[in-house]
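Produce the complete structure using the sequences and hints provided.
Residue numbers (this note's numbering), protein chains in the order written: chain H, 179 to 514; chain F, 4 to 98.
Calculated from the structure, these hints are not laboratory results. The model shown is predicted, which means the values in this text are computed figures rather than measured ones. Zero decoy hints are in this set.
Keeping only pairs whose Cα atoms sit at most 30 Å apart, straight-line, the calculated DSSO-like set for lysine-lysine is:
| id | chain 1 | residue 1 | chain 2 | residue 2 |
| --- | --- | --- | --- | --- |
| 1 | H | Lys267 | H | Lys483 |
| 2 | H | Lys228 | F | Lys71 |
| 3 | F | Lys71 | H | Lys215 |
Simulated restraints on C-beta separations:
| id | chain 1 | residue 1 | chain 2 | residue 2 | range |
| --- | --- | --- | --- | --- | --- |
| 4 | F | Arg84 | H | Glu217 | 22 to 30 Å |
| 5 | H | Ala497 | F | Pro77 | 49 to 57 Å |
| 6 | H | Ala497 | F | Asp67 | 31 to 39 Å |
| 7 | F | Glu40 | H | Glu217 | 26 to 34 Å |
Note that CB positions come from ideal geometry on N, CA and C, so glycine has one too.
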Amino acid sequence: MYTQGLNIEAGDKSIPLEDRDSALMRRFQARVDAEEKVEPNDWMPEGYRKTLIRQISQHAHSEIVGMLPEGNWVTRAPSLRRKMILLAKIQDEGGHGLYLYSAAETLGVSRAELIDQLLSGKAKYSSIFNYPTPTWADVGSIGWLVDGAAIMNQVPLCRCSYGPYARAMIRVCKEESFHQRQGYEIIMTLAQGTPEQKRMAQESLNRWWWPALMMFGPSDAASLHSSQNMAWKIKRVSNDELRQKFVDVTVPQAEYLGLTVPDPELRWNEETGHYDFGEIDWTEFNQVLAGNGPCNRDRMKKRRKAHDDGAWVREAAMAHAEKRQARQAVTAAAAE
Amino acid sequence: MSQRDWPLYEVFIRARNGMSHRHVGSVHAADPAMAVEMARDVYTRRAEGVSLWVVPSSAIIASDPRDKDVLFEPMTDKIYRHPTFYQIPADVKNI
Numbered sequence: 179m180y181t182q183g184l185n186i187e188a189g190d191k192s193i194p195l196e197d198r199d200s201a202l203m204r205r206f207q208a209r210v211d212a213e214e215k216v217e218p219n220d221w222m223p224e225g226y227r228k229t230l231i232r233q234i235s236q237h238a239h240s241e242i243v244g245m246l247p248e249g250n251w252v253t254r255a256p257s258l259r260r261k262m263i264l265l266a267k268i269q270d271e272g273g274h275g276l277y278l279y280s281a282a283e284t285l286g287v288s289r290a291e292l293i294d295q296l297l298s299g300k301a302k303y304s305s306i307f308n309y310p311t312p313t314w315a316d317v318g319s320i321g322w323l324v325d326g327a328a329i330m331n332q333v334p335l336c337r338c339s340y341g342p343y344a345r346a347m348i349r350v351c352k353e354e355s356f357h358q359r360q361g362y363e364i365i366m367t368l369a370q371g372t373p374e375q376k377r378m379a380q381e382s383l384n385r386w387w388w389p390a391l392m393m394f395g396p397s398d399a400a401s402l403h404s405s406q407n408m409a410w411k412i413k414r415v416s417n418d419e420l421r422q423k424f425v426d427v428t429v430p431q432a433e434y435l436g437l438t439v440p441d442p443e444l445r446w447n448e449e450t451g452h453y454d455f456g457e458i459d460w461t462e463f464n465q466v467l468a469g470n471g472p473c474n475r476d477r478m479k480k481r482r483k484a485h486d487d488g489a490w491v492r493e494a495a496m497a498h499a500e501k502r503q504a505r506q507a508v509t510a511a512a513a514e
Numbered sequence: 004m005s006q007r008d009w010p011l012y013e014v015f016i017r018a019r020n021g022m023s024h025r026h027v028g029s030v031h032a033a034d035p036a037m038a039v040e041m042a043r044d045v046y047t048r049r050a051e052g053v054s055l056w057v058v059p060s061s062a063i064i065a066s067d068p069r070d071k072d073v074l075f076e077p078m079t080d081k082i083y084r085h086p087t088f089y090q091i092p093a094d095v096k097n098i
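And the structure:
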C-alpha cells in the first residue's frame, strides 16, 4: 500500500543498526514478542522510531495525494448521489491522512516537517496515485481495487506493535469498507449497463489491475529490511502473501461481473488452492517510484499549489485567533 | 517552506450518553474554538460522538513510563483490596 516498503532504500544509512545485545534492546524485543503495545513515551530503539516515522508519514502522504485522482471527477460525477458519495469518500481520505499525521507526530516529529518532506519531494507516497483517472470507471476501479488492496494491508496493521499507529488503523479500516463497496457498486452498474458502459469498466480494469498488484511492494526476495520490520511487528504479513490474498479474493469479484482480468497467465491452481498469476513488470514499478510515472510531476505540482494557495487561510486563522484572544483579555480586564 | 504549525490539541470523545470521554487522537488548530470544529470534522464523520473535549497537548501532564514500576508497584501486593481475597461461606447470602 500506502506502506509498500518505500521506507528503506539500498545503502540507506539513516536508520541506525542497534546494539542488539544491550539490555534495553532485549527488554524492548521481549515486550514486542509478548504482543505488548509500544506507546509514545516508552523507550524504543532509534531505528524503530525512525522507520515508523517514515512509514506512518508516507502512509499519511499517500492518503492526501490520493484525494487528487478522485477529486478529478467531483464536478463530473454522473448523478448527485454519486457526487455526494465521492465527496464523502475524498473527505474520508483527508481524515485518514490526518489520523496518520497525528500518529506520526507522537514519535517526536512536527507536522510542518512532514509536510515539507512531502512538498520537497523527499518523502514518498504510494506509487498507485501516480496513475491518471481519465474515465468515470476509474473512480470505481480505485474504490474496488486500490482501496481493496489497502484493506488487505491495513487489517494486519491493526495489530502493529506501535499503539497509536494500530489504533489509527482500526479507525481507518472501519471507514475503508465503504470505499471498496462504493467502488465495486460503480463498476457493477457499468458492467451491467450498456455495451459502452461495460467496455469502459473493462478498459479501466485493464489499466488498474497491475498497478494495484504493485501496491504490495517488491516480492519478498527483493524486499530489504522486511525481516527487521517483521521482528519489530511493524510488518505482520509478507508482501507476497498479501498480494496472493488480494488476487484470490478479487478475481471472483471480476468474474461475477463478466469482466476479464488482464493477465493471460492467470489460472486457478487446484493443488495450491490459489490463483497462479503472471510476472509483474518491475521496470514500470521502479520507474514510477523514481518519479517517472504518468502523474508524478502533476501530483506534486497540485500539492504545492494547494499548499501555497492556502497560506493566506492559515495566516488569517492565526491573526483571527490572536485578535479574538486580545479582545477576550480586554473584556476580562474590564470586568475586574 | 511551511510556516510554523498551529498549536496541537488532544481530542476526547464521549461516544454515547452515559459513557466517559476517550482519547481518539489529535488536531492542529489556530485556537480552541477552531480545535472543536476541526475535531468534529476529523473524528466524528459518522456521528461517533455526543460530546467533544479538546485540550492543548501542552496542558497534559503524563506519568513517565520509566517510572511505571516505582509508581504502581506498591499496589500489586495489596491483594486485600480485591473482594476475592475474602473467604465467606457460600450459604451466607447477598455478600
